[in-house]
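Peer 1: Since the structure of chain A is provided, determine the placement of chain B on it from the hints.
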Amino acid sequence: MQLLRLLRTSTRPYLPWIVGVLVFQLLSTMATLFLPSLNARIIDDGVTRGDTDFIWRTGALMLAVALGQIVSAVIAVWCGARTAMAVGRDLRRDVYRRVGQFSAREVGQFGAPSLITRNTNDVQQIQMLTLMSLNFMIMAPIMCIGGIVMALREDAGLSWLVWVSIPVMGVMLGLLMAKLMPWFRTMQERLDGINGVLREQITGIRVVRAFVKEPFETERFRRANQDLTEISLRIGALFVLMFPVVNMIMHLATAAVLWFGGHRVDQGEIQVGALTAFLQYMLQILMSVMMATFMFMMVPRAIVCAERICEVLDTEPSIHPPLHPAVAPPAHGRVRFEGVCFRYPGAEAPVLEDIDFAAEPGATVAVVGATGSGKTTLVSLIPRLLDPVAGRVLLDGVPLPDYAPQDLAGRIGLVPQKPFLFSGTVAENLRFGREDASDEELWEALRVAQAEDFVRAMPHGLDSSVSQGGTNVSGGQRQRLSIARALVARPRVYVFDDSFSALDVTTDAALRTALRPVTRDATVVTVAQRVSTIADADLILVLEHGRITARGSHAELLEHSPTYREIVTSQLSAEQTTGGAQ
Amino acid sequence: MSHNPQPAAKPQNFWSSARRLLGLLSPHRAALAVVVAAVIGSVLLGVFAPRVLGRAMDVIFAGVVARSLPAGADQQQVEAGLRAQGQDTYADMVSAMELIPGQGVDFGRLGALILLVLAMYTVASALMWLQGYVLNRVVMRVVYDLRAEIERKLNALPLSYFDTRQRGDVMSRVTNDIDNIQTALQQTFAQLVQNVLTVLGIVIMMFAVSWQLALVALLALPLSAVAAGVIGSRSQKLFAGQWKATGVLNGHIEESFSGHELVHAYGRQRQMQAQFDERNEDLYRAAFGAQFLSGTIMPVMQFISYLSYVGIAVLGGLRVASGQLTLGDATAFIQYSREFTQPLSQIAGMATQLQSGIASAERTFELLDAPEQEPETPTARLPERLRGEVRFEHVDFSYDKDAATAGEPPMIEDLSLHVEPGRTVAIVGPTGAGKTTLVNLVLRFYEIDGGRILLDGIDIRDLARDDLRRQVGMVLQDAWLFTGTIMENIRFGRQDATDEQVVAAAKATYVDRFVRALPDGYDTVLTEDETSVSAGEKQLITIARAFLSRPSLLILDEATSAVDTRTELLVQKAMAALRENRTSFVIAHRLSTIRDADTIVVMESGRIVEQGSHAELVAADGAYARLYRAQFAEGSAEQATEPAAEVPSEGSTDGAAEDSAQ
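Order-wise, the sequence lines are chains A and B. Residue numbers 1 to 582, in our numbering, belong to the letters of the first sequence in order. Residue numbers 1 to 662, in our numbering, belong to the letters of the second sequence in order.
Incorrect hints may have been included.
Coverage of chain A stretches by chain B, computed from C-beta distances (three or more under 8 angstroms per stretch; other residues unrestricted) [claimed, not checked]:
no., region
1, 174 to 185
2, 304 to 314
3, 379 to 389
DSSO-like mimics (lysine-lysine), calculated; alpha carbons at most 30 angstroms apart, straight line [said to hold, decoys possible]:
no., chain 1, residue 1, chain 2, residue 2
4, B, Lys153, A, Lys418
5, B, Lys538, A, Lys418
6, A, Lys418, B, Lys244
7, B, Lys573, B, Lys435
8, B, Lys153, B, Lys401
I should point out that these hints are in silico values taken from the structure, not numbers from a laboratory. Ideal Cβ placement from N, Cα and C applies to all residues, glycine included.
Here chain A stands alone, though its shape is the one from the complex:
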């Protein structure tokens, strides 16, 4: 099982601590179990004989035992917390490292949100399970077995009561839980359901109001609310049984001990003190059974988490840095695709097939095509976010896999489709590609990216903070900052993946004009939808189902490529294509 495997490997370095937990838990449990027995002696040897001296001496011994108990218990908690937190830390690190090695392909397979949950929540679950196991789960069997041993020592004749009550307790709780667990899952689903309805109502509030569909939504909500309440009531009705049942079993056991024990005392087979001790042990045993049963509730969830973590750890990254990187050639920025194919493992159709083209410094290559035609995949190959399955991509004559990752990264400036910003200041984001850039250089990049005005308007200028994912700046602003970030890095190759889509037309035009001198000596590869963005490219590649079906300049393609014409006419009409010079 994945959970056991994960726990075994991740706890191995902390074996001494775990042994510590075991030893001190054992000591503390033994001390706990010893107390009723001492109490019994006070009654049998002290009280019955009227030996006050003995009572005092035994009392002092009990105190010493209690002190020993707390010391060992605290040490055990210390070792347990240390181990569990270290296990959590190591697992988190391992998952993070592994994802760091992933290429865009593996990240895409899992999805970033799923990877985030695995690295945070799932690891947290395992960490909690480890902590609980070390603090309680180890204690439960020790307590149970120790209690049985001590109880038998007090009176073996009553032992059958132990053998009867343990399974009764275990089975009753087990039955309740087996019934409840799937209901809990259903409740969680319905809770997600009702929250989903509310989320939709809030995000779609304008649409709902415009269509006067409040009653419809209210009805949808009412149904979700009823479903949730129904299962909650069902769970509640059963769940409230749990505590009374546990109580009842314990009290039945107590009554039985007194009744049958009374007979044995009467026949002189045991002493009264032993009977009181037996009673205490009995209750301790049942408590530990209860605890163990509750612990098992954590296990199914942890199993799922462990599986999800192992899945990440067991996935081999598809891209490896070279063992012996080539000496980096002089940087010009010449990009070459030679017979490149790309296919996701298990997929039937390739995403890219037979891609051949060259992009020279000073030239712009534009890639156009429908959604799913492979544009983003194509440009992802340039910074080696993916490796082709056939063919190769060269930069300045050297195949990408031969580059040391740092060398390659220094030459390429990527502006991805989603303009992601990291939390931190504007300046920190801009220096992402080159840490030693001066403030003047940052402002220059912002000027070109048409971002100077709004950054100046921000309360702290370059030092204004951008929240996680850049949610406190608008989509267009985010895109412009993302472009400025690439400019600051001064790469030899610019890769724009649909990077101007959120800009309004005026800004778009101004930005492209300002970009031109900056990128004059660099190679530019751009994915775009707007005709105005692609029309002045030196080479336009029309991508259809992963293949280049047409290539050439704007004018050439207008003439030869029906697909390209369709793209253009969807945005401009006849008058426009002919009247560009107005």
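Peer 2: Just chain B now, kept in the frame of chain A:
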């Protein structure tokens, strides 16, 4: 993440919010009375039962002692005999017992006592169950009503409420906070009552049995309180630290994974990893401290309970030996002292939970108390079929009324516009010019501050909002669809439409073709992470929805985000089909739409700066002409001049024909 206690958000006004939360329970007074009665009953029985058990123990002990005594003599004689032998303490003990010398355990009495105890516990357990059962029903009912009330409130709040708050904040109020309230009501209130009563009952019982032993046991009380207080508040602080460290680390993980391609493309792996290691180590340290300290609460509380256990064992033993206490009372005491520390530590734990529940209640009440939309007093009704004439007369509007009175320029100022029935108005202008605001005013999402808006000559403020909106269809950039089938989503436009009508609308708006290609067709369930339907296709579905609703007036917001070109073409055509014979306001981004519009309205900072047809505006060489050149001519200015001449005329007229044909 949910497994560590979150640092409790402190409520602003604890008592008034608590009172109001309890007020929600007041309609269920009768049921709550049952709950309280059941709690009191089960506590009383639970408190008395150890006493009866003690009696049972006494019977056994008396039997043992009696058996060792000579038969035939009565109790006084035996006592006298013992004293004569110099066994004074033993004699004292015997004198405190009820026994018949020479006879063993009185099983008749023992059996009766045990049956009595069992009966008491059975009733106590039944009451405990009853209490839990009734309370659960009440709480569920209250939470159900609260949820429904919140939902009603969401529909009654003005849109400005949602504009001025983060969506996540509103979401969290309607989800997490309600859950939190439920937990607080379900667990804390009843248990608080139960625990306080139990502690009280046990203390009373202890004093009733022996005030000396009670004092020993009560020594544990301040000790536990101090221990729980000290450790509790310290670990609360450490937990806050752990929570913060978790937040920082999770934020880092989230960013590294979401920005994975950037980290790789910019070669930042090493820095990111170093930062991760540092933050991971911080979390480890914080978590270890918090877990260790909070983990010591249990042993410490246990130790304190052992202290009183030892005290009772010794003192009790001495007093039993001297006949001042029966053995049964001593054992009952031991049980009391054990049952007494548990509710104490629970009460300590509940304080934080209660606080967080009240804080949640406060946030929920804040939402429920937010001012609602102005009540309407419709004095006019719209005819079944509208002509669709819209007139803006000197309209003023500001989102922030306070800012407006403070002299800041309003969002829309003195805006007048007349739209003939059936015409298409294209609204253009830079971001923030007020384009969206203008159409929002037509839908009466916001109330205007001055001037008036007339629909077919009727002031829209004289109409019921719903009456007005039923006549208006809307397609927004952000294609909002709810979780449900495609059929249900289209039918959202008109609930009483037949399947045939839905399909007809789908056909008219190019939805039918791609839906038929889906394995489940119209029954395909659209969810947030549905990938078989593209963004452009979702847009088409929203158009079909508007089409089905047969509005007299249309509001369209063209998407700026990249939809692939083929779907884009279909979206264009579908929108054109929708516009036919309807007065339409289009927030336009595409030249073809703008150019084909009957009127183009150019907006800048809340004012209409130009108005007219494409040809007129180009000729006027004003703002529109500048915008037009920047947008569509600049890109091809250098090269397009020559190739433009080469463009085969049939290719381009095809495009135009296609456009106008729809």
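Peer 1: Each of the hints needs a verdict: does it hold here or not?
Peer 2: Against the structure, the hints come out as follows:
1. 174 to 185: Since 0 is below three, the answer is violated.
2. 304 to 314: Not satisfied, violated; 0 residues make the cut.
3. 379 to 389: With 4 residues close enough to chain B, the hint holds.
4. B:Lys153 with A:Lys418: 35 angstroms, violated
5. B:Lys538 with A:Lys418: Holds: lysine 538 (chain B) and lysine 418 (chain A) sit about 20 angstroms apart, inside 30 angstroms.
6. A:Lys418 with B:Lys244: Holds. Lysine 418 (chain A) to lysine 244 (chain B) sits at ~28 angstroms (cutoff 30 angstroms).
7. B:Lys573 with B:Lys435: 23 angstroms, holds
8. B:Lys153 with B:Lys401: With a Cα-Cα distance of about 22 angstroms, the restraint between lysine 153 (chain B) and lysine 401 (chain B) holds, given a limit of 30 angstroms.
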